[in-house]
Amino acid sequence: MAQSADFRVNSLPPPGEGARDIKTQQVELLYTQAPAAFVATVLNAGIATTVLWQNVDRRLLCGWLALMLAITLSRFVLVRQYHRTARTADRLPLWRQRFLLGTGLAGTAWGSAGILLFPSDSTVHQVFLVFILGGMAGGAIATLSADMSAFLVFFLPTLLPVTARIFTQHDSGISTAMGLLLLSFAGVLLVTARQMHASIVESLQLRLANLELVQHLSAAKDQTESSNRQLAASNQALSVAMLEVQASEERHRSIIATAQDAFVAIETNGAIIEWNHRAEITFGWTSAEILGRGLTETIIPPQHRDAHTKGLRRFLAAGEEQALSRRFELTALHRDGREFPVEIAIWSVRLGSTYTFNAFVRDISERKIVERMKDEFVSMVSHELRTPLTSMRGALGLLASGVLGTLPEKGRRLLEIALNNTERLVRLINDILDIERMASGKVMMKYQACDSASLITQAAEIMQPMAEQAEVTLSVSTQPLPLWADPDRIIQTLTNLLSNAIKFSPLGSTVWLTVARRGKEAEFQVKDQGRGIPAEKLESIFERFQQVDASDSRKEGGTGLGLAICRSIAQQHGGRIRVESTRGEGSTFFFTLSMMKETELSDVARASVSHTEDKTS
Amino acid sequence: MSTPKRILVVDDEDDIREIAQIGLEMIAHWQVHAANSGHDGITKAKAERPDAILLDVMMPDMDGPTTFRNLRADPETSHIPVIFLTAKVQSADRRQFTDLGVKGVIAKPFDPLTLAEEVARILAWQS
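Chains as they are written, first to last, in our numbering: chain A, 1 to 617; chain B, 1001 to 1127.
Everything labelled a hint here was simulated from the structure, so no lab data went into it. C-beta: ideal position from N, C-alpha, C; glycine also. Some clues are possibly wrong.
[Stated by the list, open to error] Some chain A residues close to chain B (C-beta under 8 Å, calculated; not the full set):
id, residue
1, H216
2, L238
3, H383
4, T390
[To be verified] Restraint-style ranges between C-beta atoms, simulated for each label pair:
id, chain 1, residue 1, chain 2, residue 2, range
5, B, R1121, A, W347, 52 to 62 Å
6, B, K1103, A, T356, 26 to 36 Å
7, A, K410, B, D1099, 42 to 52 Å
8, B, D1099, A, P302, 51 to 61 Å
9, B, K1103, A, P534, 43 to 53 Å
10, A, V403, B, R1121, 19 to 29 Å
11, A, D488, B, P1004, 30 to 40 Å
12, B, K1103, A, R412, 34 to 44 Å
13, B, A1047, A, Q479, 57 to 67 Å
14, A, N420, B, P1004, 24 to 34 Å
15, B, H1039, A, W347, 52 to 62 Å
16, A, R518, B, T1066, 27 to 37 Å
One chain only, chain B, in its complex shape (with noise of 0.2 Å):
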């Protein structure tokens, strides 16, 4: 990888968010910043530019699926790949998820190991 990716995990787990982070860290080497609602995932999203951003589905006050439609509504932040990290496993709601128009579905619990090299692959990027 030529430059390290940047990449924004929201969820309102610390304790997931934060696995994350090592995960994408220390593995992968990729620059993460880290969003624990719906709303700070929006700003920090405008603010950090991320290359994609890795958002929980189900959050307090403002779930995935809206934030998701606010990033899209955005035209800052409209073009930034989202995948949504998601503890709903059913292949329905895989495809409901992905007929909204994210880049794909990571299914908790993930792999902290190869959570980067999963992201890599559903946003085709090379290594």
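Bound conformation, chain A alone (with noise of 0.2 Å):
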């Protein structure tokens, strides 16, 4: 069946590839029931010659024993050939053809031998001879019968000369009878003969029926397994996926059990569907007291129950609501009626239809009070640093104007180190302040719409007395870019830059105010000729009392605030501030400022104003 093999497609034979497969066999039947064909030649053929060795010319015998193993040694080796051959659908017709060709001829010698070798003079070797030839022909029923072409030209070429031969010998009516009988055994011959044929047919198709049922078979059976190793590989990943999700789980509630902050879950009805230990504490409920209980009369204040049923309303109305996904302030209720600030953060979770609502709620009370205590404290330091100092600082100006006379040169020199300092420490004063206001976020910016070109004119018109005064240009260029700032801390912020561009700029030298369009930014630049800034400080001069000298503030009379002040500024307009700078060459300080829509600027400016006041007065 190999080659059968070779002639198949893939899946079930095209129209008449069947066929051909039956003729393939058929093919394959001859040339493998061949060799005992040829067995039988060569031992007949010899039992001929040697019994008609005397009764038949001997040169004519051995002439036809020669033709008879010269034929069947041509059939041996086109069976060998065959065999060795690979045979291909397209040659098919090729080898049965040569097979028909050499049986024909095999059958042709046989039957001239009922012609040339017929023993006129012997009627017991006449019978031996057509024992011989009905035996050969007999025989090519089981060799032949496969294909019925290949049987005809053997059966009829080896029968039908010795039967013809025997009806024209006239000597008795027994050649006649043998005649007949030889005709009537050929009959037979030939009726059994088509029943091989039709049995052998059959036999085929039930066979090749078979073959491709086996491979329908082995292929279903190859998609069930592959199928069954898909399922296997399915539900080992399942198992897995389940344990990840089980062992996650697990790690979730620990994390929630254990959390420092409350945590609290409930259901778009307001139930309460989870409650951690620390919420317990927070609030004064126990979970089994409270779980399945609405959130809103629990812990809600009275004065804040609309707005947070609104709120839950809003957000199951149009699926958004502001409150997600940050963190923000609220007043929460204890269960001893009493209340007290929560710093609390909530986030969906969407299960098909419907959501749940989680929060981690903390307690800030304590950070409250330290808060205020702190704010009280700034207050009463600025307070009473500034009285003392303003009084210092008046009269020492009065002093060294010389309205109440004239000092000598050194107690002038005096008095206006005394001044400088005076001055330094409220700059300092006022900074500190600033700065630790920034950084608790209790700067109110106050945002709206200007414009780059107007805040750059502002900031020069400011500093350029410095500038004259330090003999340094500066040289400013601008363009109208719209920004939703807070004027009065940008202004601070580049005056801020250019103040410390003058101071260590050398005398002749400029210093350039630019701003430029960056995409959806203004950036601002600050550049000056300085002595530049060393690579490791580009960074930490940004940080509170970091300058590139620790002698600069002494010198320079800053207060080591001034770009913390700058950065701060930056990060609550959410932009940023660098600074890029080449020893020897000068440095380039870049602020840059989103020019977003008036809208989502609004957001932002909602989310960092704070509406703490200052206690001090």
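Got two chains here, separate frames each, mind docking them using the hints?
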């Protein structure tokens, strides 16, 4: 069956392919059965030659035997070639024709014996010859009936000549009887051969059908096995995933259970479904008491309940809510009726068509107390330090002005030193208060529409006298870019950067102030030709009290807080500040602000604004 | 300046009051009255009817904003322009004060040499 697979395509055979396969099998059978015929031919030819040796012309007999052996040898070579060659569908008819030719020749050679080697003088030998030829023809049923053409091209030439020879012999009635017997024997053989042929074809058809069935079954089995393997792999992956989910859930549970913040989860109807240990401590309700109860009537103070209900309704209607995904402060209600400040972060989880809302809630009562104490301390320090400074600065200023009389040179110099340091102390206090308030988010940024050109012009006007005094040229180039910012704070930043640039610029050099659009941002640049900043200080100079040279604050009268304030202002505006510098050539400070839509910026503004009041007066 | 301005300085800190007084008198040659509390300030304002009042914000008993409201509530003093002297320098605080109705805010520490100039600028007095 190996060769049959060569002709087949993968699945079902195309029309006609089954028939061709049967032909293939028939040819295969012919070639497979041929060796038995060769053995019979050689044996019978040898026996015939021996038996007829005394009755027939020996040269003729030897010639016939040689012919017979030559034909058999040729057929043997053909069969060997067939078995050694790869059979293909297109060469199948050729192999069949070759076989038929060889078979036809063999039949003709046997048939020629019926004429040439017919022993006309010995009836016994005639019977023997008929017996031999009839035997060969009968044997051909076994080896050739797979293909009726093959059988006929052997059968007819083998028997017809001897039959004709017997009938043409005019000796006695025995010949006629023998001829008739031979004819009837030939008829029986023919019928038997046809039946045999039909049986073989049917058997081949069954075999092919079985093969196809086996192939289909095999393919189906492969497919089933493959499906089973996939299913097994899926099951394994599912098991692993389930274990991971279980582990993850366990992890989350332990995180929530041991969290330092209260964890509360509610359903869309407001019923509490999760309540950790910290929530019990924070709100005074045990989880057994509160699970299933409404959030609104338990931990939200009465005056905020409406807002909470409306917020939830808004989310369910529109699918979005400002309160989600950010931290904010609220007032919560303890079981004992006490209200206290909390910081809260809420997020929602969608489960099909419903939601659960989860929140971490932190009691910030203590933090608020500390903040208030800090505010009070800062206010007190601010006032208590400024009051004596006001007197000192005023008195020194009056003395230094000369309105009360002229002092000697050294006295004037000492007064100047005292005055400068008093002013420095004032600046330091102002800056410390400023940055402290910004760091704690207590500075109210007054956002409004402004443009970069106006801000640059104002900053330059403020710094022009200082530049002139330092003999530094202030070069300004500007363009109007729309901004949503606190103009006072932006001017404060620009004047701070300009002040630094002027301070560290050599006489006769230039300081540039420009602005350019960079995508959706406005980028301010302050460039100087000063001594530059070492690479390792490019980041740290924006930290508090970090200066390039420790002596700068003394020599230049700075507080060491200017750039920290600038960075804080930039950050509060959602912008960035950075510096590039080359030693000996100068530095360029870049300060970027977003040019976002007003609505977006107003959100930022609302988020960063704090209405905390200063308690100082 | 044709006629010297008459200024009332109200501050609980003697030194600051004195510095302001010296500055205004010696540099601008204005006439200065001094008060050391809110109550004293109201009394002196009624008695002296100054051209302007420099009022400290943080004072014991009656602070600057309360004193200011009392001055505004009294028809005898309600017309006198008031400028706050304050250690609070935040722009939010400044806005809060100007919202009250004061003419301006001068931050402490102030420069006594330019104090008169600043007062004149805030009140738009022609020099």
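Results for each hint:
no.	hint	in the structure
1	H216	violated, 88 Å
2	L238	violated, 61 Å
3	H383	holds, 5 Å
4	T390	holds, 4 Å
5	B:R1121 <-> A:W347: 52 to 62 Å	holds, 55 Å
6	B:K1103 <-> A:T356: 26 to 36 Å	violated, 58 Å
7	A:K410 <-> B:D1099: 42 to 52 Å	holds, 49 Å
8	B:D1099 <-> A:P302: 51 to 61 Å	violated, 32 Å
9	B:K1103 <-> A:P534: 43 to 53 Å	holds, 50 Å
10	A:V403 <-> B:R1121: 19 to 29 Å	holds, 20 Å
11	A:D488 <-> B:P1004: 30 to 40 Å	holds, 35 Å
12	B:K1103 <-> A:R412: 34 to 44 Å	holds, 36 Å
13	B:A1047 <-> A:Q479: 57 to 67 Å	holds, 58 Å
14	A:N420 <-> B:P1004: 24 to 34 Å	holds, 32 Å
15	B:H1039 <-> A:W347: 52 to 62 Å	holds, 57 Å
16	A:R518 <-> B:T1066: 27 to 37 Å	violated, 51 Å
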